[in-house]
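Undergrad: Sequence:
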Amino acid sequence: MDAPTISRTFAPRLAMTLDVLAAEIELAGARCIFLDRVIGEVMEKLCESERARLLEGMHGVDLLAQHLTSLSAFARGLSAAVPEEATVAVGGALSEVTLGALVERMTAGLGGEADDADSADAGDLDLF
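Here the sequence shown stands for residues 320 to 447, where the numbers follow this note's numbering.
These aren't lab readings, by the way, just hints derived from the structure by calculation.
This one's a predicted model, so the numbers in the text were calculated from it and none came from an experiment.
Note that CB positions come from ideal geometry on N, CA and C, so glycine has one too.
Don't take each hint at face value.
[Said to hold, decoys possible] With beta-carbon atoms standing in for the labels, derived distance ranges:
1. C366 / G430: 51 to 57 Å
2. T417 / F353: 32 to 38 Å
3. L374 / V401: 38 to 44 Å
[Stated by the list, open to error] Here are the computed lysine to any residue pairs in the SDA-like style, where the Cα-Cα straight-line distance is at most 25 Å:
4. K364 / V380
5. K364 / A341
6. K364 / M377
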């Protein structure tokens with residue numbers, strides 16, 4: 320399914336927009352931590368020669384999680400620094416996001432409504 324469409328004139332407060340962005344970055348970081356744990360569990364079952372290669376991948380996932388944590392902190396810092404009355408039109412940027420559930424979460428977090436409510440979980444990965 321396609322991502323829902325959002326009015327190009329949708330313009331929430333900039334601070335709120337940055338907070339919603341930070342929350343999504345934090346969610347991506349949490350998914351990295353989950354992946355790191357799964358890789359660690361799989362690694363225990365491998366022979367020594369295969370573990371070395373997988374260990375390199377674990378380091379990459381860990382670095383990605385740290386990167387995302389830093390980007391989230393940066394976005395939250397910007398959120399705290401912008402004037403309260405500042406707004407930003409986000410409809411155009413949201414229309415570029417291809418994961419429907421992500422668009423819906425962000426739109427809801429920004430206090431808006433998606434034009435197409437039928438794509439609730441389109442494209443997002445479910446972690447069990």
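Undergrad: Holds or violated: K364 with V380, Cα cutoff 25 Å?
TA: Holds, at roughly 19 Å.
Undergrad: Holds or violated: 38 to 44 Å for the Cβ distance of L374 and V401?
TA: holds (41 Å)
Undergrad: Between K364 and M377, does the CA-CA distance stay at or below 25 Å?
TA: holds (15 Å)
Undergrad: Is K364 within 25 Å of A341, Cα to Cα?
TA: Outside the cut-off at roughly 36 Å; violated.
Undergrad: Mind checking the hinted window 51 to 57 Å against the Cβ distance between C366 and G430?
TA: About 53 Å separates the Cβ atoms of C366 and G430, which means 51 to 57 Å holds.
Undergrad: Taking 32 to 38 Å as the hint, is the beta-carbon distance of T417 and F353 inside that range?
TA: violated (22 Å)
Of the hints listed earlier, those the structure fails to meet are numbers 2 and 5, in rising order.
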